[in-house]
Each structure stands twice: as C-alpha cells, then as structure tokens.
Amino acid sequence: MEKQTRQHGKGGHTPTPADAMRVTVFQVMSREVICLRPEASVESLRATLVENGISGAPVVDDAGKVVGIVSTTDVVRDQHERGETMEQSEQVRLHSKGGVTYSPGPGYRMIDPGATVGDVMSRKVITIRENTSLAQASELMARNHVHRLPVVSDGGKVVGLVSSLDILGWVAGLS
Amino acid sequence: MRLIRDVLKGKTLTQLITIEPTATLAEAARLMSVWNIGALLVIDGAQLTGLVAERDLVRALAVGAPPASVKVQDIMARDVRAVPPDTTADECMVLMTQLRLRHVTVVDGDAVLGVVSLGDLVKDVVNEQAFVIEQLELYISRGANA
Numbered sequence: 282m283e284k285q286t287r288q289h290g291k292g293g294h295t296p297t298p299a300d301a302m303r304v305t306v307f308q309v310m311s312r313e314v315i316c317l318r319p320e321a322s323v324e325s326l327r328a329t330l331v332e333n334g335i336s337g338a339p340v341v342d343d344a345g346k347v348v349g350i351v352s353t354t355d356v357v358r359d360q361h362e363r364g365e366t367m368e369q370s371e372q373v374r375l376h377s378k379g380g381v382t383y384s385p386g387p388g389y390r391m392i393d394p395g396a397t398v399g400d401v402m403s404r405k406v407i408t409i410r411e412n413t414s415l416a417q418a419s420e421l422m423a424r425n426h427v428h429r430l431p432v433v434s435d436g437g438k439v440v441g442l443v444s445s446l447d448i449l450g451w452v453a454g455l456s
Numbered sequence: 006m007r008l009i010r011d012v013l014k015g016k017t018l019t020q021l022i023t024i025e026p027t028a029t030l031a032e033a034a035r036l037m038s039v040w041n042i043g044a045l046l047v048i049d050g051a052q053l054t055g056l057v058a059e060r061d062l063v064r065a066l067a068v069g070a071p072p073a074s075v076k077v078q079d080i081m082a083r084d085v086r087a088v089p090p091d092t093t094a095d096e097c098m099v100l101m102t103q104l105r106l107r108h109v110t111v112v113d114g115d116a117v118l119g120v121v122s123l124g125d126l127v128k129d130v131v132n133e134q135a136f137v138i139e140q141l142e143l144y145i146s147r148g149a150n151a
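Chains A and B are the protein sequences, given in the same order. Positions 282 to 456 (my numbering) are the ones given, in order, by the first sequence. Positions 6 to 151 (my numbering) are the ones given, in order, by the second sequence.
Hints were generated in silico from the structure; no laboratory data involved. Please note that a few of the clues may not be correct.
[Stated by the list, open to error] Computed cross-link-like contacts, DSBU-like style, restricted to lysine-lysine with a CA-CA straight-line distance of at most 35 angstroms:
#: 1; chain 1: B; residue 1: 16; chain 2: B; residue 2: 76
#: 2; chain 1: B; residue 1: 16; chain 2: A; residue 2: 405
#: 3; chain 1: A; residue 1: 405; chain 2: B; residue 2: 76
#: 4; chain 1: B; residue 1: 14; chain 2: B; residue 2: 76
#: 5; chain 1: A; residue 1: 405; chain 2: A; residue 2: 438
#: 6; chain 1: A; residue 1: 346; chain 2: A; residue 2: 438
These numbers were taken from a predicted model, which means no experiment stands behind them.
Next up, chain A with everything else stripped away, as it sits in the complex (with noise of 0.2 angstroms):
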C-alpha cells in the first residue's frame, strides 16, 4: 500500500471552542436521511449500508418517528453473538414454522431470515434538534458513545443526521 499523508491547508480559520458553541447542527447535518423500518431484515440492512456507503442510519415508525438507531457495530456484533458461522456455530436453527434445524457443509453461512432490524438495532436512541450547537453535540456523541445523533422535529420525525464526521469536516473548513 502506498503511504499518503496531507497535510491541514494553510491560511483557512481553524474554528474555535466558542464558535464551536455558536454554530449549530442545521448548519453541517445531512438532510437526505436513509431510515429503516424495524421489520426489515438483517440481510437488507447489511446491504443498505454497504450500497449507501453508510455506517448506521435511524429506525422509524410508521408516522416517521425514531424508534432506534443501527450501526455497523450492531451488525458486526449480530454476526458474532449468533454464530451465524461454522467457524463458530455447529448447527444453525432456521427459524422456519417446523423449527427445522439444519447442519450445513463446513464453509457455508447460514442466514438467520427471522433476525430484523428490530432485533439488533439499539433502542436508546439521542435525538437532537437542528437549533443544538456543535458543541452540545459533539459532548453528547461523547457522553454517550455514539457516533451519529438523529435530528428531529417538533413532532419527532427525522429532518436530519449529524455524525462525528459531519463535525470534523465542519473543524476541517470542509463544511
């Protein structure tokens, strides 16, 4: 792999702790929002994150409203927790009416077709609004160990996504 490094441009104004305090979220939050429904399969969630070049998106209601939040971290732990693969599981139960169990051939994955976004997606969810400044964000990612706050209106449905990264290119000038 080649080595690459850049180095920060001069001459830009490098945002400060108070500007930090005054900016807020409306200003650097996505606003085309991938949201999942909680009955949606797992297999679709690993494929809509992987197609949208996300790494988690809010889950909504049928009103719009935020019921929870996924992410690659649940996806990844998901995978693990079940033992979805040889590797780690001996048989693989299918969650099928008969409670058919199968013992497939050494290599193959079994996909559990009964496991939903629901299942796996975190039902603590932050929710903020578009009047929070960057600052309050970037404290409660923090608090909370969370990578991405969902942005909601007064009636609780999602108008936006601020994630860790749409605050760093904020401090980078970028945004």
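Chain B: place on chain A using the hints.
Then chain B, alone, in the frame of chain A:
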C-alpha cells in the same frame, strides 16, 4: 474462510492514510473528512506510534479542546490493536466486538498493511453472500449432475 488480507484487498481505499503525532486536531479532522475515514494511523518517522479515531477527536471537542493547537499525540490511542493478515474475518469480528473496537490495524511483522473497520467487515459479508448466491444459481441452472 475469508482472511483479513482478502478484506484489505477488497477495500476501495488502498492508501495508508497517516498523520504525524505533532499534527493538530484540525489537521486530523481534515484528513478524516477528505478521505471519509474514521481513523488515522499515527506514524513518527517510520514507527507506528498510535491510532487516532473520530471518537477521540469528538471527545476532545466535547471538553473544549482548541482544534488548532491540541496535538494528535495528546489524544491518540497508544495501545494499537493489531492483527496479522492471516487472521480470519470471523476472528476479527470476535476481537472487535469483544474489545469494542471500530478499527483494527493489520500488520505483517514490522510492516503495516492497512486498517480494517467494522464497515469493511460488513461489506465483506455482503460480498461473500453475493458470491455464494451466484454460485448456487450457477449450480442450479447447470443442474446438480452437470
């Protein structure tokens, strides 16, 4: 059985994105934003000395650290978790889940080969499933005894 060396080969970003320990948080933020990555290898000379992740930067910002003056070496993780390239993707998932890591460095002896993220592992699972489905479809279309 997929190995981490295969996961590295499948990554879109093939460069090693590094930063010096004396660089500022603003410089680290810029590199992460430009390359759309969540962690940077911290290299002092030719020596891997740490890893700085977006989480570390956000934590620093949360306590009011000035991005223009605080150095990467002040916030980076010095205990860099590394795996050899012949680690399986499953072993890596277990390691990252149990140690709550989002990134792991891949090293072969003294050589740093790259960084694997949770997103890279999820992408690998999706690609592997697509390959299995393709093979099964071929098998079915040709007939089991073909």
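* Starting from the hint list further up, note which numbers the structure goes against and sort them upward. => Of the numbered hints, all hold.
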